[in-house]
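Chains A and B, in that order, give the protein sequences.
Here the UniProt record's numbering is used: the first residue of the first sequence is 1, the next is one more, and so on.
Here the UniProt record's numbering is used: the first residue of the second sequence is 1, the next is one more, and so on.
The hints are simulated quantities; they were obtained by calculation from the structure and are not laboratory data.
Honestly, I wouldn't trust all of these hints.
Identical copies go unnamed one by one, so any copy, or any two together, can satisfy a pair.
Derived DSS-like pairs: lysine-lysine, alpha-carbon spacing no greater than 30 Å straight-line [as the list claims (entries may be wrong)]:
| no. | residue 1 | residue 2 |
| --- | --- | --- |
| 1 | K31 | K362 |
| 2 | K27 | K362 |
| 3 | K646 | K177 |
| 4 | K177 | K238 |
| 5 | K27 | K88 |
| 6 | K31 | K238 |
| 7 | K31 | K546 |
There are 2 protein chains.
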Amino acid sequence: MASTHPLHRLFEPRHVALLGVSRDTGKAGYKFLRSLLDAGYQGRISLLGRQAGELQGLPIHTRADQLPGDIDVAFNLLGPAQTPEVLKAVAARGAAFSVVFTSGFAEMGAAGAALQEDMVRACNASGMRIVGPNCMGLFNLHLGLNLTEISPLPAGPIAMVSQSGNVGVTLWDQARKHDVGFSCFVGFGNQADIPMHEYIDYLGQDEPTKVITVYLEGLRPGSGDAFFETCARVSRVKPIVVLKGGRTDAGRRAAESHTASLSSSERVYSALFEEAGIVEVQQMELMLPVAEALMRCPPMRGDDVAIVGSGGGHSTVCTDEVESVGLLVPAFSDGLQEELGRRLPEWAPKRNPVDMTGAYTKDPSLFATLTELVIERDPRFSAAVNYGLYGLWKDGQVAEDSKYDYVSAAPLIGQLQARLDRPIIFYTPYADRPHASFTAMREAGVPCLESVAAVGAALAALRKRGRFLARAAETPATTPRPPVSAGNPALDDYATEVGAYALLARHGVQTPEVLTAQTPAEAAALADRLGYPVVLKGVLPGVAHKSDVGGVRTGLGDSGSLLRAAEQMAADVERALGAGALAGYMVTRDLGRRRELIVGVRRDVSLDTLGLIGLGGVLTEALDDVAVCLLPATPQRVERALSRLKSARAWGAFRGEPAVPAQAVADLLNRLQSALLSDDAIDSVECNPVMVVDEQVIPVDAAIAAHNKE
Amino acid sequence: MASTHPLHRLFEPRHVALLGVSRDTGKAGYKFLRSLLDAGYQGRISLLGRQAGELQGLPIHTRADQLPGDIDVAFNLLGPAQTPEVLKAVAARGAAFSVVFTSGFAEMGAAGAALQEDMVRACNASGMRIVGPNCMGLFNLHLGLNLTEISPLPAGPIAMVSQSGNVGVTLWDQARKHDVGFSCFVGFGNQADIPMHEYIDYLGQDEPTKVITVYLEGLRPGSGDAFFETCARVSRVKPIVVLKGGRTDAGRRAAESHTASLSSSERVYSALFEEAGIVEVQQMELMLPVAEALMRCPPMRGDDVAIVGSGGGHSTVCTDEVESVGLLVPAFSDGLQEELGRRLPEWAPKRNPVDMTGAYTKDPSLFATLTELVIERDPRFSAAVNYGLYGLWKDGQVAEDSKYDYVSAAPLIGQLQARLDRPIIFYTPYADRPHASFTAMREAGVPCLESVAAVGAALAALRKRGRFLARAAETPATTPRPPVSAGNPALDDYATEVGAYALLARHGVQTPEVLTAQTPAEAAALADRLGYPVVLKGVLPGVAHKSDVGGVRTGLGDSGSLLRAAEQMAADVERALGAGALAGYMVTRDLGRRRELIVGVRRDVSLDTLGLIGLGGVLTEALDDVAVCLLPATPQRVERALSRLKSARAWGAFRGEPAVPAQAVADLLNRLQSALLSDDAIDSVECNPVMVVDEQVIPVDAAIAAHNKE
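Okay, chain A solo, but in the shape it has when bound (with noise of 0.2 Å):
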C-alpha cells in the first residue's frame, strides 16, 4: 500500500536518478550507484554524467534536459559550480525531490548562502524540493533504496534523521554490536528547504520504523511551533530519541541580560523535547541503548527498579546508577526476602539487589523465575534490571563455545516481560561482543546493554516515556492558543520598573501598589499611607540590580527608619553611580520573606516567545536554576518546568507553605505573553522576584527590554 504523504515520493521512490556519475570506482559518483545495486533497488535508475555511454548496464544521460520526466529522487552529486543549473533543469523538467550530497552553500558563509537560497527558491517555483546540500544522503532499506556511500547496511527497525553524515556511520557502526538495524535515514545537512520535522512526520507513519532517532545541532529559525506539533502528535505513536549538539554554547556565556543569558539554547530544547514526548540522551553511545529500550520494552509507569542477578560489585554500581537517573532501589519487604531465600542460598544478598551468587548462573531460568516472583509479590516494581553473566568470559575473551549458556533464559525473560507488562534489561559487560545468548535476548525482546551508563540511560528514557503517555491519555495533543490581547498601544517608557508596571496593569498582572517620591520626607508620608513595613526602592532607570548599588532596603518598620534608609541610599548609590544617578524614591509594602520566584518571557529564534520559570530573588544568578516553559502556558506545563528546577522541592508543598499555584503563574505567564506581544520592539519582559502568597504570585519587581525602532 503506497503512502500518501507528502514526503512518500522521497523514501518510496520509483525512479531515481543519480547526477555526476563516474566511471572511476574510488569516485562517489561510482559508489553512489554500487550501494544503490547492492541494495537490490527495484525501481528505475537514470544517470547523469559527463561522457555518453553505459554504466553498470545503465545509459548515460549528458544533458539534465534530457533525463525523462517522472524522476522521484534526483540525488546530485555534481560540484557546486554545477549544482545550481541543473537542478534548475532537473526541476523544469519535473522531478520531485532532489537529495543534494554536494558541499559548499550556506555552510562557506554568506555568498554560499546567497547561491543555495537562489537555487531552492528556482527550485521550488518548479515544484521541487531539497534535502540538504552538504548532506550524507538517504536510505530506505526496506525498499532495497541505498543513497549512501555505505554499503552493507543492516536493515531493521530503527530510523534516523541526522544533521551530521559521521554521527549516522557511527551509529551505524555502533548498531552491529545490538544486533540492530536501520529502516530509514535522511542526513538533512544545510536544511536549506525541507525542515527536519517533516521527516519526523513521515517516519511517523512509516511502518517498518518502530523508533526514531535524530541528531540535530539546530532547528530551522521559525520552525519550533511546527517541530513541536508534529514531534506531539508522532510520539503519541513511536518513541523519538534525539541527541542534540551544540548544547553548550558558548555564546550563551557571553550573554548580557538576564533572560537570553538563562534561557540558553539547552533550556529551550529541554522544554521542547520534554513537552514534545521526545527523549533526549546526553551522549552519542547512549543513542542506541535508548532506541533498543524503548522499541523493545513496554514503558515504565512507575519509579521502582528490581534488579535481580548475579555478581556483588555490578549489583552495587548498578544500583548506583540507577538511583543517579533518578529512579529507586527500594528494598524488597520482609515477606519477599523470605520466600527469596527459600530458593536462594543463605549468603545470596536478597534486599534488591538480588545477587543469586556464581553458582545460580548456572541455571538460567532463574533470572526469570526470581524476577517473576518479586513483582509479582509486589507489583510496584515497574522494570526489572537482570545482570551477570560473568561466566562467560573465559581466557580474556568472550567464549562462543562457553559451558554456559544463556540462550534458554531468553525467551522465558521476553515472555515474562510482555506478560508483567514492565520492561526488563539485560546487562552484562560483554554485550558489545557478539554472542548467541546476547542475540537471543534481543530476538526475545530484551535489551542487551554492556554498561551501566547505557542502563540507566535506558531506564529513564522508559520512564520519561511512561510519563508522557500517561498524560497524553489525559489531554488533546495541541494546546489551545488563547486570543492575545494585542490591542492596547505601545508605551514610550519601559526602562523603569513604575514604566514596566504600566505595561503589566494594562495586561491585567496584578502588581502593587508602588508610590513615587523626590525626597525621602515625601516617601515617609507615603509609606504612612500605606502602611507598615514598606520596602523602599531608588528609582534607578537602566539599572538591573538596584541592590548591588544600595537601591533597595526591605522591612522598613516606621518612619524614621525609613528617612534613615533613604538618606544612607541616597548616599550609596552616588557612591556607586555618582551624583545624579538617584532619580527618587519608590515605596510598596513589604510582603516579608516569602518564596521568591523569576517568572518572564521573551522572543526566540525558534519558537516564537517563550516562558522562563525559576528560582527568584538574589540567589538567580548564582544557582543559574531557571527552565523553559512552552507558550501559552498551562498548569501542567508550569508544573513541569518547575520540576525540571534544581530547586523543584521548594515549590511543592514545602516547610509549611503549600505548593507553588500552577494556575496561577500559568496565568501570569499568558499576561506577560500578551505584553510582550503588544510592542514589537519589546524583547523581553521579566519580572524578579515574584513573591507566593498563597494562592497568588506577585510580581514585586518587573523590567522590560526593549529595542529601538527602526
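Assemble chain B onto chain A, guided by the hints.
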C-alpha cells in the same frame, strides 16, 4: 632491590603455600596452582591437600603443622569450616600473610562475623596478617605471581585494589581494548584485618606501578583519617583513581536529622577524595580511560581545551562533553584562525573546534602540526583533543588494511605532548577495537579513547590532578591538628537555642545577643533596649524548624509591630502544636537580608568528626546543597568545599558583596568541633542560618543533637 615495606612479603613472596589444592582440574584448588605456574612464578611453592602425593611435580602436605616455617603467603582455598583451625596452625608455623579466598564469614551475618573476628585475632597473635576473607586473590605480574583464577593476564603499569572480584575481572577484560596491563592486584573482600590504605601505601612505592585504581564500597570504621593521610601522601607521587560503589544509600533517604541526611556518605567520600588528591569516577566504564590518561599524560594546568581533528558532528558532541565536565572550549583569536586558514580549505571550521574536513585526514601529520600551531600561538590552552579516523571504517567494520594509516602520526603527537607538557587525547569511536593506529598512539603515550564520555572524564581527571599537584607543591602533606579545648564541663541543656548558644560561647563562637522574655510586653521592653529592627523567635524546645510553625518573625521595626507579631505567633504556634508549646520569646537584632550559610559538625563512622558547609536558610532542604569539609578546617579546605556547592557562585564576590570570608568559616568550624568534642553525648552541632556580614560569619540559630548518656 627488595622492598622494605611492611607488606613486601605479601606482594613479593619468595615462598607461597596453597592451602586446599585438588587434582580435579575443574576445581579452584587446581586452577589457582595452574595460574601460579602459568604466570612463571619463580619462588618456592608448598601445597596443602587432603591426599598426600604430588601435583604438578610438587609434593602435597596433608597437615598444616608440617608445612615449612618460612611461608610468606598462605593462599587459602579451604572451606569455611576448616579454615580457622588451619590458618591458626599456619600462623603458628610462622607464615607472614594469608590471603583468604574462602567465603562464609562476616558477609553471612553475625555468626560469620564472630568466626572471622576470632580467626583474625588468633592469627594476628602469632604475627600473621589476613587479606580478605571472601576475596578474589592477589597478583604481582611483574614477579610472575598470579593468585587469581584468571589466566593469562597482561602485565603493565596499572595497579588495582578492589573490594569486588567481578569489578576486577571486568577491568581486566576492558584492559585489552585499551592496550594496557596490570602490575599488582589485591581483592580485599571483607577487609577483616589489613585496611585498604596499607595496600595503597605499598603500591605507592612499587616501581612498576604508575597509577593505582581502587574499587571501594566502604572504609573500615575509624580508618578514614589514616586513609586520608596515606592517600594524600601517595597521590603526590602517583595518581589514584577510585570508583565508589554504594554512592546512593537508601538509608540516607530515610535519615531524619538535617545534618545526618545532608552529610550523606557520598559527600563525605567526595570531600575525602578531593582533599587527598584522589580522582573519583562515576561509572565503571570510565575507570580505565581515566587511569590511562593519568598514567600517560602530563596534568592539565588550566581550563581551556583546543579540539583539532576531522568530522563535523563529532567535533560538536565532543565540545559539548568537554564543556559539560566544567572545562572550556573558547574560540581561537582572529589571528590564529587566519593562520589556520592558510593551512586548511576555505570551508573548514577554524574557530575551535577545528574540523580539517575529510580530505585532510589523509595527511596524518596535520594532527600534530595544527595542534602545535594552536598551543604555541596561544599557550593558555592547557590540553588538546585530536579526533577523527573515520576512514578506518569500511564495510561495517574497522579495517586493519585500510588505505588510511595513522601509525606515522602517533609519534609526532606523542612527542608534541611531551614537548608542550600538556595532555593530548585522541578520540575516535572505533578505539574499542584493535588497530595498529590506536596501538601506535598508546605506545607514543597518547590515550586513544572510544567515547566522548571517556574524553570528558579523562580531561576532567587531568585537570583535577593538575589542581591537586599545584596545591601540593605549596602545602605540607598533612594539616596539623589544633589542640582541642575539651576541658569545659558538659551542659545539661542542649535542646534549646539558648542552651546551644551557651555551649558555643564557651568555645569562643561569637553569637548575637539573645534576650529571653516570657510575655510580649517583656519582649518589647527588651527590643527597645537592643534597638530596632529585631527578630522575634519563639522558645520552642525540640522544634527543628521554628518558621514552619509561625515561630519566627523578622524585620520588626518598632514596639507596636513586635507586640502584634508576638500575639500572632502565640496564636500560630498554638494552632500548629497545641496550647503550651510556646515556652517564651527570644529577641535579637535583625541583621537584614544577607547571604545565609549552614555550618555544622558531626561525628562520623569513618572519619572521627567532619564539617559541613552549605546554602542555608529555608532553601537548605529544597536545594540539598551541602558539602563536607574535612577537619581541622583551613581557609583552603573551606574554599574547596564551597566550590563543590551548586550555589558556588553565590559565595565568591557576588552582586556587590565580597567573597565569603573562608578564614572566618574555618574558624567557626574548628570552634564547633571543639564544642562537639567537649561532650561524648553530642552527635552534631549545627548553625543555620549563619549570616555573612563583611568579614564575619554570625550564627543566628544553633541546634545541638545529643543522645542520652548511659
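Checked hints:
1. Taking the shortest Cα distances, K31 and K362 sit within 30 Å of each other only across copies (19 Å), while inside one copy they are farther apart (49 Å).
2. In this assembly of identical chains, K27 and K362 lie within 30 Å of each other by CA distance solely across copies; the values are 16 Å between and 53 Å within a copy.
3. Neither within a single protomer nor between protomers do K646 and K177 lie at most 30 Å apart by alpha-carbon distance, with minima of 36 Å and 38 Å respectively.
4. Taking the shortest Cα distances, K177 and K238 sit within 30 Å of each other inside one copy (23 Å), while across copies they are farther apart (36 Å).
5. With identical chains, the CA atoms of K27 and K88 are at most 30 Å apart within one copy only, with a shortest distance of 24 Å there and 76 Å across copies.
6. Taking the shortest Cα distances, K31 and K238 never come within 30 Å of each other, neither inside one copy (33 Å) nor across copies (52 Å).
7. Proximity of K31 and K546 under a CA criterion of 30 Å is satisfied in neither setting, with 65 Å inside one chain copy and 76 Å between copies.
Violated hints, listed in ascending order, are 3, 6 and 7; each of the other numbered hints is respected by the structure.
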